[in-house]
Amino acid sequence: GAVVSQHPSWVICKSGTSVKIECRSLDFQATTMFWYRQFPKQSLMLMATSNEGSKATYEQGVEKDKFLINHASLTLSTLTVTSAHPEDSSFYICSASPFRGGLTGELFFGEGSRLTVL
Amino acid sequence: SQQGEEDPQALSIQEGENATMNCSYKTSINNLQWYRQNSGRGLVHLILIRSNEREKHSGRLRVTLDTSKKSSSLLITASRAADTASYFCATDVQGAQKLVFGQGTRLTINP
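Sequences listed follow chains A and B, in order. Reminder that position 48 of the first sequence reads as 34 in the numbering used here, one-by-one numbering, no gaps. Reminder that position 14 of the second sequence reads as 195 in the numbering used here, one-by-one numbering, no gaps.
Warning: the hint list may mix true and false statements.
Unchecked claim - Estimated spans, in silico, between C-beta atoms of each pair:
(1) A:Ser59 x B:Ala259: 41 to 47 Å
(2) B:Lys250 x A:Ser4: 42 to 48 Å
(3) B:Arg241 x A:Phe14: 47 to 53 Å
Stated by the list, open to error - Here are the simulated BS3-like cross-link-like pairs (lysine-lysine), alpha carbons at most 25 Å apart as the crow flies:
(4) A:Lys50 x B:Lys279
(5) A:Lys27 x B:Lys237
(6) A:Lys6 x B:Lys207
(7) B:Lys251 x B:Lys237
These aren't lab readings, by the way, just hints derived from the structure by calculation. Computed from a predicted structure; not experimentally measured. Every residue gets a Cβ at the ideal spot worked out from N, C-alpha and C, and that includes glycine.
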């Protein structure tokens, strides 16, 4: 099956610093990628949808200046948590779809990145 | 907002027994998918059922979909300890171009 690689798998940073998380599709071209946030024992909360070459679409309540998303190529999307604070500590997961716009099949997920902000 | 509501929130059964999880949703969908998540890991796709399908099988998995009741069920037969994980339903909502995940069921299989 298709493989999505997410890096780093865990990161600890100081409050006020920025952290970049990468999501790569290894064996397919991902025209659409999704970024989620997951709190312990809870479901996935969609943060934003990005299509290659265009601006990300953020969900209501998600600060786009806080969570910068770049999808510059068909195999790489990045999420940058800017000026991180302890409340940004969470598990961030990306997923990728080879289909632009509408979903017609399954999503392929990365292994997630656990961010801890001290 | 989360569309899917799953029950039970947690389920603990003995190895070899069958496990049934239910998912309800609110709006019209293109398809409904089930995913599995091991603790601290990403999600793995299990099965997809389209809105015009009523039942689908894949190995020990059986999924049903009732669009009139806006509900789905996932049955895992002959459970194994390795099936211990969280299971999420996700709906491909018409016009939304994204998957909306349910709250999940934490399944524990006791050896």
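Hint-by-hint comparison with the structure:
1. A:Ser59 x B:Ala259: 41 to 47 Å: Holds - the Cβ-Cβ distance for Ser59 (chain A) and Ala259 (chain B), about 44 Å, lies within 41 to 47 Å.
2. B:Lys250 x A:Ser4: 42 to 48 Å: 47 Å, holds
3. B:Arg241 x A:Phe14: 47 to 53 Å: At 28 Å between Cβs, range violated.
4. A:Lys50 x B:Lys279: OK: Lys50 (chain A) and Lys279 (chain B) at ~18 Å, within 25 Å.
5. A:Lys27 x B:Lys237: 28 Å, violated
6. A:Lys6 x B:Lys207: Distance of about 35 Å is beyond 25 Å: violated.
7. B:Lys251 x B:Lys237: Cα-Cα ~16 Å, so holds.
Against the hints set out earlier in the document, violations occur for numbers 3, 5, 6.
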